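Line by line, the protein sequences give chains A and B.
Residue numbering for the first sequence follows numbering that gives the first Met the number 0, beginning at 0 and increasing consecutively.
Residue numbering for the second sequence follows numbering that gives the first Met the number 0, beginning at 0 and increasing consecutively.
Please keep in mind that the hints were generated in silico from the structure rather than gathered at the bench.
Be careful, since some hints might not be right.
[To be verified] Only some residues are given here: those of chain A computed to face chain B with a beta carbon under 10 Å: (1) TYR90; (2) ALA114; (3) PHE117; (4) ASN131; (5) ALA147; (6) ASN152; (7) MET159; (8) ALA196.
[Said to hold, decoys possible] List of simulated lysine-lysine pairs, DSS-like, C-alpha gap at most 25 Å: (9) A/LYS89 / A/LYS124; (10) A/LYS77 / A/LYS89; (11) A/LYS98 / A/LYS77; (12) B/LYS338 / A/LYS124; (13) B/LYS4 / B/LYS145; (14) A/LYS98 / A/LYS124; (15) B/LYS266 / B/LYS145; (16) A/LYS124 / B/LYS233; (17) A/LYS77 / A/LYS124; (18) B/LYS322 / B/LYS266; (19) A/LYS154 / B/LYS4; (20) B/LYS322 / B/LYS338; (21) A/LYS89 / A/LYS79; (22) A/LYS124 / B/LYS3; (23) B/LYS233 / A/LYS98.
Since this is a predicted model, take the numbers as computed values, not measurements.
Note that beta-carbon positions come from the ideal geometry of N, C-alpha and C, so glycine has one too.
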Amino acid sequence: MMAENVLHVENVTMQFGGVIAVNNLTMDIGRGEIVALIGPNGAGKTTAFNCITGVYEPTNGLVSYCGGVIARNHPRGKMKKLYSGENADKYLDAPAGEKAVVSHTPDYITSLGIARTFQNIRLFKSMTVFENVLTASHLRRTSNLFSATFRLNAKEERQMREDALALLKTVGLDGVRDDPATSLPYGMQRRLEIARALSTQPKLLLLDEPAAGMNPQETNELTAFIREIREQFGLTVFLIEHHMNLVMDISDRIYVIDFGRQIASGAPAEVQNNPRVIEAYLGVDNNG
Amino acid sequence: MKNKKLRNNILTLILIALVILYLSWLQANSSEHSYAIAILERSAVYAVVAVAMNLLTGFTGLFSLGQAGFMLLGAYTYAILMVPEASRATVYRMFQGNHWITFSLADVFGTAGASAALGMVIALILGGLVAALFAWLIGLPVLRLKSDYLAIATLGFAEIIRAFFQWDTLGPLTNGANVLNGFPYFSSVMSFWLVAGACIAIIVLLLRSTYGRAFRAVRDDEVAAEAMGISLAKHKMISFVTSSFFAGVGGGLLAMYQCMAQASNFKSSMTYEILLIVVIGGIGSITGSVLASFLFTACNEWWLRFLDDESLGVPLFRGGFRKVVFAVIIMLIVLFYRKGIMGDRELDLGAIGRFFRTLPSRLRARSRGKEAR
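Same shape as in the complex, but just chain A (with noise of 0.2 Å):
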């Protein structure tokens, strides 16, 4: 296990009904590692963001952040006869001043350091480039309602807007600053879904596919950009992607997950060899 320890993923299992979408995971995030989670379409990869995000509450396991616990369960109510997971006792009992279960929303997830991006993008669609930079800084206001509306913050109000803008200008979006944020090309949509992420000044940066939809060349710059930002911002990166090139280029380590279930794990070369993993990719059973 590594000395600083960003995120740590304890048998996180998440069940809808009868079906294990994320199934007995386990996963390690160093900081300053860029590290991916790859796997077959529905293989849980988002399921999994969505229960670190704090969108879902995993069904039984255990998320952490820093060492703070950020989600634990462990099957309750009607999933208490339905679990068909493994562990089903573990996380029963808490340890002594802690709560048994811990669930938290998304946006106080957020509000810790862990900012992520979308597969299919949400931008606020009836905002401009920098006011979707501008409102992700909401949450590291300090004034309240009523300094906010009568300008008794017209500091942090200034402050805020010149973050937003050296942001855009890092990210090299401050020449279409004033431009509806829908109406940027694809690849710069993207790229404006990182930088607001960025906005929330996380530690933790999670990308859902964000090479998506890309060309090869769009996906080169996007490599170099998320090298970049890492650099720069000092984050620790966790991405979902499929284009394999920018996760084997990328990548310090690799999750494989397959059926919820992890079936492989370390740097890319041994992943890529890996013969499950493979078998997983091109489906040499009859999983297809």
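Chain A is fixed; fit chain B onto it per the hints.
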């Protein structure tokens, strides 16, 4: 750029001064212009409530139909607190003069001059606060609902509140189903617009602050907003409570305008009128709501009055015909301006200037288009 901004600011100030001049001229000749004054006062009331509803529906994406309920709370709070102690025996005569509240703001602040006006403003704000408190209480359960379901739940709340205020047991407080009157009210159209202007200005400031941006983020995409650290529950509640506060203030103003408060006035049809104003003005446009509240009231009660006049001898003209024409006009507006008069844009001097500057070229383009066809 800076010059242009300065020029626009100066022009805006001149425009506001002109409006104030016009209002004071109307006030000075109030006997001849009683109709115009009544319309302007009523549209000031509607403008506040419509802009408040727009804050919720247009900028936060929450569709609530509880406006009438919150207006009722504001109106009753204003009326109950402002009836002078001396007149309460007469006001509450149906309940043998029994009244639970023996304190009156009107007695504290007097009935004339600046101190009376201060008392009225305080009572309006208290009305808003009561509405906001109720909004918070019912917001806890109902804000988990989405779109139509939220609308139904809030509509139900408004109806329950109305029935509750007519309950005889509460008579010594609300005067049951009877009228609460005898309280002091604004005597000048200017005061209505000053209060309305202040309310609208505060809402605009709020919408342009970081909270306003968060509201729009929630409206645009709840999932993304939450992922950007914007708490949905908290911001929906802030928007709902703020909107209800101003609906409450609007209710107080309505009580002043009507010189009385009676629960049976706050039917759901009042909510629909506000909704109509918001839709006609444009969901997401503040100036649109203000403009529409004036056009709506003026059309409904003033400009179309002649249609009701049978003595003009025109066929079809008779009592109530105005309502038919009004309905047709609304249908036409909704058909041809699907996003309301203003859409989600704002009307300012720049927009007016652009409209007239580009008018010739647009007309030319249009006629060319026709020739081509």
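Cross-check of the supplied hints:
no.	hint	verdict
1	TYR90	violated (25 Å)
2	ALA114	holds (7 Å)
3	PHE117	holds (7 Å)
4	ASN131	holds (9 Å)
5	ALA147	holds (4 Å)
6	ASN152	holds (8 Å)
7	MET159	holds (7 Å)
8	ALA196	holds (8 Å)
9	A/LYS89 / A/LYS124	violated (44 Å)
10	A/LYS77 / A/LYS89	holds (18 Å)
11	A/LYS98 / A/LYS77	holds (20 Å)
12	B/LYS338 / A/LYS124	holds (17 Å)
13	B/LYS4 / B/LYS145	violated (41 Å)
14	A/LYS98 / A/LYS124	violated (39 Å)
15	B/LYS266 / B/LYS145	holds (23 Å)
16	A/LYS124 / B/LYS233	holds (22 Å)
17	A/LYS77 / A/LYS124	violated (38 Å)
18	B/LYS322 / B/LYS266	holds (19 Å)
19	A/LYS154 / B/LYS4	holds (22 Å)
20	B/LYS322 / B/LYS338	holds (23 Å)
21	A/LYS89 / A/LYS79	holds (13 Å)
22	A/LYS124 / B/LYS3	violated (29 Å)
23	B/LYS233 / A/LYS98	holds (24 Å)
Hint compliance for this structure: hints 1, 9, 13, 14, 17 and 22 are broken, all remaining hints hold.
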